[in-house]
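S.K.: For the protein sequence lines, the chains are W and L, in the order given.
The opening residue of the first sequence carries number 1 in my numbering; numbering runs sequentially from there.
The opening residue of the second sequence carries number 1001 in my numbering; numbering runs sequentially from there.
Some hints could be false.
Below, computed lysine to any residue pairings styled on SDA-like, alpha-carbon distance capped at 25 Å [to be verified]: (1) W:Lys26 to L:Asp1208; (2) W:Lys33 to L:Met1009; (3) W:Lys33 to L:Asp1208; (4) L:Lys1195 to L:Pro1259; (5) W:Lys33 to L:Ser1062; (6) W:Lys33 to L:Pro1018; (7) L:Lys1224 to W:Asp13; (8) L:Lys1216 to W:Asp13; (9) L:Lys1195 to L:Pro1183; (10) W:Lys33 to W:Gly11; (11) W:Lys26 to L:Lys1216; (12) L:Lys1216 to W:Ile16; (13) L:Lys1216 to L:Arg1247; (14) W:Lys26 to L:Val1023; (15) L:Lys1216 to W:Phe18; (16) L:Lys1224 to W:Gly11; (17) W:Lys33 to L:Lys1216; (18) L:Lys1224 to L:Val1137; (19) W:Lys26 to L:Arg1227; (20) L:Lys1224 to W:Leu21.
Since the hints were derived computationally from the structure, they do not count as laboratory data.
Small disclaimer: the values here were computed from a predicted structure and weren't measured.
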Amino acid sequence: MIEINDDLCKGCDICIEFCPLNVFLKSDTLNRKGYYVPVIAEEDLCVGCRLCELLCPEFAIIITNE
Amino acid sequence: MGEYRHRLMDYVREEIMPHRFCVGCGCGTVLNAFVNAVEEIGLEPTKMVCVSGIGCSSWIPSPYFRSDTLHTTHGRPIAFATGVKIMRPDLTVVVIAGDGDVSGIGGNHLIHAARRNIDLSVFMVNNMIYGMTGGQVAPTTPSGTKTSTTPHRNIEPAFKVADLVMTAGATYVARWTTYHVFPLMESMQNAMTRKGFSFIEIISQCPDNYGRRIGKPTANDFLKQFRDDAIRINKTEGMSEEQLDKRIVIGKLCDRERPEYVTQLHEIIREQVAAVKREKTK
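Next comes chain L alone, as it looks inside the complex (with noise of 0.2 Å):
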């Protein structure tokens, strides 16, 4: 151990670390960019709670991030997620999971909850594989690309899970990769601070389920791929969608303000529980 303590370290469970993640996986850079936006927003993390379901990056924050966690069943940190803060609206939740957790088996409670508005803040680790269960095709595949699962050609065109969710109705989303970590820190900080469903969509490397398969089997080539074929949504203009496909399009795709359901859920039962009282007292 070298003399100096990482500064971040009071927001990591540094007794558990290093961390069971794979060399080069994605999942640790997320971790690092979410303990960075906590850390520059100031929030505390005994006043989050941090909920997420099954699969590698459902371990980023529990049990690695120091703050109140729930480790629910497979695709359904959303739900779980929505009865912490319908209960405890005081609370910053925070709902990390993966691809297959929230787009392929919890994707109905993403849709809904995005329609609702519910104040969650939603990040999305898309490693575009079922990567903990031995790399089986995902919703968020690329079609053309080997896996275990479809070792000619994955057949099915790839999910589109941010435009989804923006078109549901979410306050905010953005799209990044794990190599640009300093605009998707500061989309985590606004993500957080915000009120109504942000999502995260934030495409990760999987070198050892997914890249071994491609012919990618480091980080880095995924990260050059990242850099290379990203490109910024205010770039976009006059592209077709044939080529956009081939592209990652990255950056904020939507911001705007709409009513929320915890808020306006509670003013209904202040209204009742006043009424009820009136009816008492007469």
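If we strip away everything but chain W, and leave its shape as in the complex, we get (with noise of 0.2 Å):
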């Protein structure tokens, strides 16, 4: 399963553009430091390939085997 860290996340949407199945979405909310953080739009999509994990800057997405 998919888990963000929104206190970590600076919201640069590395993610949403590069998941190759489109898991995540931007979202209107704000995180406690005034970025906007994605949000994850479609979980059972997601096959556990890891790349939003290693592309991440930030360590903020959590990717476990579950």
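Can you join these two chains into the complex? Each is in its own frame, and there are hints to help.
M.R.: See the structure below:
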């Protein structure tokens, strides 16, 4: 499953752009620091390729095998 | 904070996260790949020394990576790392620094460390600009681009650092971008496990101080360009130099064996010590 750590995210949108299956969506809610964090739109689509986890510069995405 | 903790937080100084890099900076991705590589080969951070110089990318190991780190003067990380390696050959010494640091100001240290084949892993984050000081032109800035010190256009050709290091005699040279994270991770593992001078050039993005001036204000603009421009080294056969200048040649550029400097130095020291001891017992 996917977990986004809102406190670490800086809203660079790399995960939204480069997810091969478009799992993420841009949200309109701000986090504590004032960045628009992504939300998980369709978690069922995720195949766990971990590209988002590795591309994320902030260690904000966690993929766990469940 | 979510209910799950990132599995790599043991390797990162969690207390100072989130890090101070700009939004979408490639340095964060390099830190992520580096930490993954260290975890994958099972290296203990206590058995490592990370050396960095001055610049944005020098912040990757120091303070964010949880090992002993040396944050040195501008352009001298390889000189300091050489000293560490000679005194403590049992430690894995990694240099993570920027293009201005390693190829600009410390260019000679880089060439001679490669020539001597000292057992270091040098990861050069090439963001094509002096990012921390305000976007001045660097030796790696592509010609024709606007920076804060070349407001019309840059007339200097860019430095191909990986090719230079390969010619100077390094045993392992590779070039990747921040988009190619999986091969970058693998390459980092190879570089840290093998003996000899290994060098990885990581083409990275600087959306704030470089992208802003060339019409690429977000990290995604850069990553898309890296994805489209990158070409594997084994597919470049028959291409002219002009065609290749517009592309980013990625992949393992060389992998060879050469005698290593520190082992040979310690051999000489052992021989000489033994000779002196023999002399005394006579």
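S.K.: Please go over all the hints and tell whether each is borne out by the structure.
M.R.: Evaluated hints:
no.	hint	result
1	W:Lys26 to L:Asp1208	holds (21 Å)
2	W:Lys33 to L:Met1009	holds (21 Å)
3	W:Lys33 to L:Asp1208	holds (18 Å)
4	L:Lys1195 to L:Pro1259	holds (9 Å)
5	W:Lys33 to L:Ser1062	holds (24 Å)
6	W:Lys33 to L:Pro1018	holds (11 Å)
7	L:Lys1224 to W:Asp13	holds (13 Å)
8	L:Lys1216 to W:Asp13	holds (14 Å)
9	L:Lys1195 to L:Pro1183	holds (20 Å)
10	W:Lys33 to W:Gly11	holds (10 Å)
11	W:Lys26 to L:Lys1216	holds (20 Å)
12	L:Lys1216 to W:Ile16	holds (17 Å)
13	L:Lys1216 to L:Arg1247	holds (17 Å)
14	W:Lys26 to L:Val1023	holds (15 Å)
15	L:Lys1216 to W:Phe18	holds (17 Å)
16	L:Lys1224 to W:Gly11	holds (17 Å)
17	W:Lys33 to L:Lys1216	holds (24 Å)
18	L:Lys1224 to L:Val1137	holds (23 Å)
19	W:Lys26 to L:Arg1227	holds (22 Å)
20	L:Lys1224 to W:Leu21	holds (16 Å)
Comparing the model with each numbered hint stated earlier shows that all of them hold.
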